[in-house]
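Single-letter residue listing:
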Amino acid sequence: MSPRPVAVVGAAAVSAAGLCWRGLASRTIEPARSRELEASHPGTLAFEVPPIPPAADAGDARARKAMSRPARLAAIAAREALADAGFRGGAEATGYFLGVGASGGPVSEMLAMLLGSLDAQGEVSPARLGAEGLAASNPLFTFHVLNNFTLCHGAILSGIQGPNAALFSRGGGTVTALREAAFAVGEGDCDRALAGGADTALHPVTWSELCRDGFAAGGLVPGEGAALLALERIGGGGSPLAYLERASVLAGRRHSLEEVLEAAVASEPDRPVDHLILAPWGEAARAALHRFARRALPGAPILDVTRRLGESLAATPALAWVSALDLLTAGSSARALVLSAGIDGDLGLVTLAREPHR
Amino acid sequence: MITPVITGVGVVSGFGVGTATFLDALAAGRSAVGPIQSFDARTFPTRVAAEVPVRRADGAWLGSLGVDMALASCWEREGRLRDRKVAFAVLAAAEAWRHAGCGPRDAADAGLSIALGLEHGFLDDFAVLLREGALDWSADPGAALPPVRHRSTVDLAARAVEELLGLRGITTIHASACAAGGLAVAHAAALVRRGDADLVLCGGADSMVNPLGIGGMSRIGAPSPRSELDACRPFDRRRDGLVIGEGAALFVVEAEPHALARGARPLARLLGWGSTQDAYRLSAPRPDGSAARRAMERALARAGLPPSAVDYVNAHGTGTVLNDPAEVRAIRGALGAHAERVPVSSIKGAVGHLMAASGAIEIAACLLPLQRGLCPGTAHHRERDPECDLDIVGEAPRRLAVSVALTNSFGFGGQNVSVVLGRSP
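These protein sequence lines are chains A and B, in that order. Residue numbers for the first sequence follow the numbering used here, so the first one is 1 and each next one is one higher. Residue numbers for the second sequence follow the numbering used here, so the first one is 1001 and each next one is one higher.
These are computed hints drawn from the structure, not numbers from a lab. Possibly wrong hints are sitting among the right ones.
Partner residues are not named here, just some residues of chain B that face chain A (Cβ under 10 Å, in silico) [claimed, not checked]:
no.	residue
1	His1150
2	Leu1183
3	Ala1291
Sample of chain B residues facing chain A (criterion: CB under 10 Å; computed from the structure) [said to hold, decoys possible]:
no.	residue
4	Thr1043
5	Leu1116
6	Glu1119
7	Ala1127
8	Ile1173
9	Ala1180
10	Ala1186
11	Ile1214
12	Gln1277
13	Arg1298
14	Gly1413
15	Arg1423
16	Pro1425
The beta-carbon is built from N, C-alpha and C at its ideal position, and this holds for glycine as well.
With the rest of the complex left out, here is chain B (with noise of 0.2 Å):
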């Protein structure tokens, strides 16, 4: 049986670019929540956000951040820029490919895997439409608008990717919502696995730190109405939504004899992943958390691990009143009397919900302890609640021993997936 393995990694959050500091910040159990910078955001329900440090994720950002000008600036012209998720995507994807040693040779056959959030709208765009207020489509003042107008295609930053790494493989691209990114990667392991690929490059990149994107979420009442720096605090008595975030998380996978053979440092082994759906509602969880339990036993089932093998749990965690509870009773259906033993943490009070890259990031969270030996915290985390009555570490990150991490991502419309990793030897 080939085991895939992690063999690079690209991170950008909103603590900023890098997978140091991404780790470090984790490690230091900061948080990255702040008032949202990139747009006026003084009117909107939820005005905070765990906003990547830029104010333009524009070509000037990405050729100082040592993108090739050229193609920067032509993506910049095209409008493709307008949608911040693509320089997100390809400086996680630039990090990633570097980190892992490859380069032009490895690019003719790999593929990709990439989870990637809805289109972003252009509302300005539409505006040049209107006639005596109705939208006027043969008004269209075409060359006066950027290509990449009205709004951005759901795989522009995939193809900013293929085409910054030279990537000649197949591209597949992830639309499951929250459980998107998880699903890339397992997507790109089970390639490995089974022999379709030697070599993918895989997981998620979203922003919704956009008027539209903000402003849709906060109109079906996700994110906290506290606009406060703690507005999200998973697994607390006192939670009351999720904050939204934003940024990338890249993965090389690849088979472990494959990067053993070119001299790869493997960094993690992807062992199981499992995916179900709830069939319940389109914006609650099912409380019971049987369909997220089920995804969490096939993951260890393909892993070949009993649940006692689980060291530590990072949780989808949003900090919503209905998900995690419902987490929480899945987790203990999962791993029985051992979940009272593990530690569990989610990351999403530290760096948001970055929606369909939630899953990617999470398992680069997955890291920390299974390199530095040190599970994150949960950031703003402070009073216990009887219904999620696990080990929940607090807001101070944990030192222990971690072998087995299970890393769960459930989205919105009830698409659940969990991906079980293992420390590299």
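Next up, chain A with everything else stripped away, as it sits in the complex (with noise of 0.2 Å):
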């Protein structure tokens, strides 16, 4: 079953882009020497989001202490699409879905922790962790580790009381949690709500995993970044830039992804799209994606995000949704569709429209 559709009133990305969502389907950007992997990593060329103006920057001092990397883009984001979409008030019925990722604890607390729980043969001994390592770290360390944090950071700042979920996501997590917002729209559990996905790959231990699993051999770039659509019930009183007319996962393990690809464009014949944003995690879903546009859809622009902006995990299908809204309110695009084909093998397909289909 498909959510009803709703508009979509308004968005937000931080990405390497910096700190906006118009223009960045056409914006060209080039990967940088990352500074966050710069001590464990040093010379990595990454899309890193470029520092945050103080007054752009997500809460207080004392607020941001607490934040993990990515819940510090994702408060930003919440805020800015907040503003975007005009909703003002109404934090009650405003909900809030979030594709999230790993944990990401500054690595100098675990160090500091590590070193104090080193017994005389250099060994980690609990008896030390206990007595002395677990003092040496920052009790907010425990903050930066909770990856639901991602989410509630930016619900507190910005005051978001509604429905609301933190999704794990190596893909698909993050089109659920655009799903679950549209039900939750469609069917008035809230008046309104914000979707997508925060993450970052620039984390010491993200990226080493994914150097361990052959990614970073295979070409994939680190990313990072926050990107929500704000959604709203067709009529609901703000201005529809778009539509979101589908938010499906499909499940990779029971087909090959060409074969899930077929089927779901095939499901729609009637409503051509004329645009394909993709958002492949890794070459070998980048390569099923490319083959399956080229034939299924010839001629169709394709804008692959994740070339343009790296790999930010749970961030990457909503940066694709993101610059999809960017094509269609360009006017580039009339109907667009976004595959995200994450690690699970799960398959993300999202369509926006310029124009409420009848």
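Combine the two chains into a complex, taking the hints into account.
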């Protein structure tokens, strides 16, 4: 079952392109030497969010001390999306559904804990950890580690009190977040909702895992970001920028990616798309999505968001939707299909259109 | 309107492995809290937990409980079982699947909606990267450590469950802290109710009973500072913090007609659910309980039931100074005058706080009143608190015919969820 179409009335994106969503699809950004990875993996090229001006940052300095990097980016995006949509008041009627990634505690805190936990032989000793290691780290380390806080900081700072869920995402979870938000709005659980994802591949442990699993050698360029769509019931009073027609996750374990793609597009033959936005995770998914795009929609322009903005993990599908919204509002597209393929094998399909489907 | 029903349950708790073990222990008013055994916690601020009674949740243990030994050995070699919640999820999933009478044919379409806690960090693995007081990432010894190293991934337990049962539907992993378990079951019910799925395995698994888990929670002052067996005393005047638990609870949820058509016996109905956000503080609930109240109101509205229909409230009841009175205000706000007549209890004094899995195991606990007519007691609740002046069920379970149960889960960070369950005819 598909959610009822809902209006997209605003958006926000924090990415290597900065804090903007309009123009995101046309901006050309080159990866640069990562500041976040400089200490652990010097020289790594990445799509990193540029330094955030103090006036645009999330909360105050005290609040930011408790924020992981994705939580900070998400909090900025939540504030911007609410403003972009003109959502004021109605905190209880505003939902928030977010795809989130792994924990993001500062390595410096973990190192302090580790050094305080070594015994005379240089081995980690639980007794030393309990006696000294724990006290060597900042208690706020725990707040950084809790990955639901990627959602909660933004909700607290922006006063969002409606239905909500943080979903762990390797791609599919972020699309599920959008689908749940669309159902929540369409079924009247809330009048409006923010939906998207926030994550970073620039945490040393995460990047180390991506290197270990062969993604770095396969050409993956790490990125980071947060992106949100602001949804409202059609006729809800806002000014629609576009309409969310479909947000589906298809299980990749049942069929090959190509079979899933064919079936998904064949299910809507009467509503052609004129733009394909792709968000593949890794080269295998990229090859499959591009192969399909060339065969199923020959001539349709293709925007590969992962290539343009880097692999931002749980944020990548949402950056792709916002790029699609940019194309729609700029008049470059009337109906765009966003395909995201995560490493869990699940495929995300999101269709955005400039005009409501009749 | 399709009614989602629970047709299978699997539980791993501080009482041991199995739903009957869990429900029997609750019915007997027992507590699973004891000194931590799985690691040397003598120097830790918190030294007690409701620990699953196994020192190493490894492949041999899984094999002894009927899990395919080849699979369990493979998980062990890959380092997946270093994270205890993986084994707990697998055992609870296997029991729920078996209990519901599901087999390979059901797995082809079955989805998984599971709440999983944080990654388990392995400090030892980081230690091998140490060079002169700093981490040298280029020194990663690769093959010298198992593939799962430095930390387990959040979705590790979900992948093991998929592998064990051959699930091929969509997997959703809920990461909403202590509200995640309730949200995972609510999500499964929503999928079934709107026709997205016929059958979903859902619930939660978690373990923070490890040095970094216990240590991290202790650093923010969540557990009781007393390492006593009655460390967690929900709604008691002397309450001073939670006690950490571990385990898993998984359910097979399906459309009632689907269950009846395949001959499965519905155990309970999932009637309603609702979620809200406090938007207040990271580590303290909104004192007036207003957002938690709205979660309950939304759940009842979805169920189409008035407050007076609620026969029993299974509270989040962490035993912390701030949570319990805020929850009492929320219950009173949601149920009005009826709140004075409804028995309320918390099982966290007995099985601890299972974090991401807490909502799930508390849904399992609701089967005790719904199926056996017995409301679980509130372990270690001895002194009434004027701030928590509802009808709190004391340490002994209470006999009561219950048709509708309401269960609450409120997460660190302000996420709230309430679920309404109904007795199956």
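The hints, checked one at a time:
{"no.": "1", "hint": "His1150", "result": "6 Å, holds"}
{"no.": "2", "hint": "Leu1183", "result": "5 Å, holds"}
{"no.": "3", "hint": "Ala1291", "result": "6 Å, holds"}
{"no.": "4", "hint": "Thr1043", "result": "3 Å, holds"}
{"no.": "5", "hint": "Leu1116", "result": "7 Å, holds"}
{"no.": "6", "hint": "Glu1119", "result": "6 Å, holds"}
{"no.": "7", "hint": "Ala1127", "result": "5 Å, holds"}
{"no.": "8", "hint": "Ile1173", "result": "4 Å, holds"}
{"no.": "9", "hint": "Ala1180", "result": "7 Å, holds"}
{"no.": "10", "hint": "Ala1186", "result": "9 Å, holds"}
{"no.": "11", "hint": "Ile1214", "result": "9 Å, holds"}
{"no.": "12", "hint": "Gln1277", "result": "5 Å, holds"}
{"no.": "13", "hint": "Arg1298", "result": "7 Å, holds"}
{"no.": "14", "hint": "Gly1413", "result": "3 Å, holds"}
{"no.": "15", "hint": "Arg1423", "result": "26 Å, violated"}
{"no.": "16", "hint": "Pro1425", "result": "27 Å, violated"}
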